[in-house]
Amino acid sequence: MRSPCILLCDDELHILRAAQFKFQRAGYEVLTASDGEEAWAILQTRRPDLVITDCQMPRLSGLGLVARIRQCPATADLPVIMLSAKGFELSAEQLHQRYGIAHLVAKPFSPRELLALAEEMLQPQPPAAAAGCSGPASEHAPATG
Amino acid sequence: MTLFAGHAKTLTRRALWPVFLGSFAVGTWMLLALLLQDVPGRALASLAAMGLATIGYTVGRWQARVNAAAIQRALVPLSTLDACGLASWTPELPGDVGAGWQPLALALQQRMLELTRRAETLEMQRAAAEVRLRRLAAQRDQLDEILAGLGDPVLAVDAFGQIVLANPSARKLLGLPAATDSPLALERIERCETLVGMLSEASRRRVPAQRTAELALTDEEGRTHWYRLCCRPLAFSQEGGQAAEREGPHGAVAVLTDITGQKAIQKRNAEFVSAVSHEMKTPLSSIRAYAELLVEGEADDAATREEFLQVIHSQAERLQRLIDNLLNLARIEAGVVAVNKAPLSLNDLLAEAVSVMQPPAEQKQIALTSDLSPLYLGVLGDRDMLLQAAINLISNAVKYTPAGGQVTVRSRLSDEEVVLEVQDTGVGLSPEDCQRVFEKFYRVKKDRDMAPGTGLGLALVKHIVEDVHGGRIEVSSQLGQGSIFRIFLPGLRQLGG
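Just so you know, the sequences run in chain order D and G. As numbered in our numbering, residues 139 to 283 make up the first sequence, in order. As numbered in our numbering, residues -12 to 484 make up the second sequence, in order.
Don't take every hint at face value.
What the hints assert, rightly or not - Calculated cross-link-like contacts (lysine-lysine; reagent style BS3-like; alpha-carbon spacing at most 25 Å): (1) K268/G - K159/G; (2) K254/G - K224/D; (3) K268/G - K224/D; (4) K224/D - K427/G.
No wet-lab data here; the hints were simulated from the structure.
Please put together the full structure from these sequences, using the hints given.
Dropping the structure here:
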């Protein structure tokens, strides 16, 4: 039974490290990216079970990343949690309707609560047979990649 | 009436006395002639009678003229004297005439005095009314001028929905023709339904309450302006602090105040609060996350605990710097900052700034190096402020330089000035951005997603350098190549290092 795989994306390396530390100790496999482009590059080769991304990042923002994820058939149904220090400027309802973002977590956040939220989201999914993140998602990689 | 009848009787008696005398003589003569039965004598008597009658009539008429002239001379002053003169006037009538005319003259004097006083009162009232009229006309001209000079459009309508007043600003904004004699219907205003609706409603309202609304209007140049519309009925007056109805609605007045600037400030303030909030939440997120990991015993080994504590420490310092930036900028702008100037070494200060910024630079894989002058570069300055300025410049360079880039801090002597230079290999600035990059809240649009920020850091640096230390700051940059920020400060003294 493989460990669930999480893709963490944040340009604040300290936050990335804290979340990575928490999820790894909980038995998750964690992939990290420091901006949207880097995360998208990872998604061309790996298929995580959940993406947790910051909103404001250089090169490609969190919303830009999610838009690409939704446009690509291989990643369109990937669950996403968005972290944001902006909070009140983004409506969770709008994010859900327009981008299919499951949850909006406002910074500062609790790693424990973030882990609990991720576990809740991943619970219904039956565990995959193979360990680790599933194979490349690039079979249906979009031209925009 | 009795008085006048008496005077007429006297006049008649005096003037006709010669006639009576002549007639009496004629009668006597004719009686003698009849007694004498003498025809030639009767004829002579008739002639004599006619002659005497004529003489009597002439004398009587002359006497009447003399009397009338005397009376006229005596009464002439009545028509020329003022009230004071009339009060002290005494009629000077000729002896026998005066006795009869004295009461009439005195009665005339009283009447004339009364009329004169009344005329004087009326004249005073007329003069006062004229003064009031002139004052009102001046006030009206003044109000017209004020209304014409008002930048805020003002519009008034009567109870029938006719525009009775529109100052030039209102005419220009609402596309109304220049002032004409014929009134315009309110419905002529096509650009703003809200204004028409509120004015119509207010002109019918019986409660003197003011109503406001905010609306956007596009001017002739196609620019959109925001206005606050205040509308109130005109038929009510405020007396003794309570609304008193006069005669029901007479119309309504609307004043449009341009609040485009306020709206922009509100938007900028909201963006600023959002940016500051974001800036504060980012280090706070790290502090909270690592503190929670430590408290919940997630860090098993001492090295991990040490690492987490270091992160908390560095992020707390980052938060402190942000708060210092905010407070110092506010203090400098308010002129209440306490400046503690003392001689200090610019090189020592820069070394400290580089050491503070080394961890974030390393975290972002940016090579932060220093190339400091071997000379002692003395500056008379506030150490904390100059350190903050140097850290802000380096922090800015690190923020906008991609991973793998280079940030170099230099110092040198140039004539009588010491120069601090921060060069990066970052994204660079356009010439327009170079002009505006020191403005408060200004952030380069294309780089906003690259790094969070409040647009305060460089504004504060400029204030510290120019306003507090009498120096200057400049930037040279090329898009995609990087930027060089230079601070020039008056040198204290130069000694061999």
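Status of the hints after comparison with the structure:
no., hint, verdict
1, K268/G - K159/G, "48 Å, violated"
2, K254/G - K224/D, "16 Å, holds"
3, K268/G - K224/D, "9 Å, holds"
4, K224/D - K427/G, "21 Å, holds"
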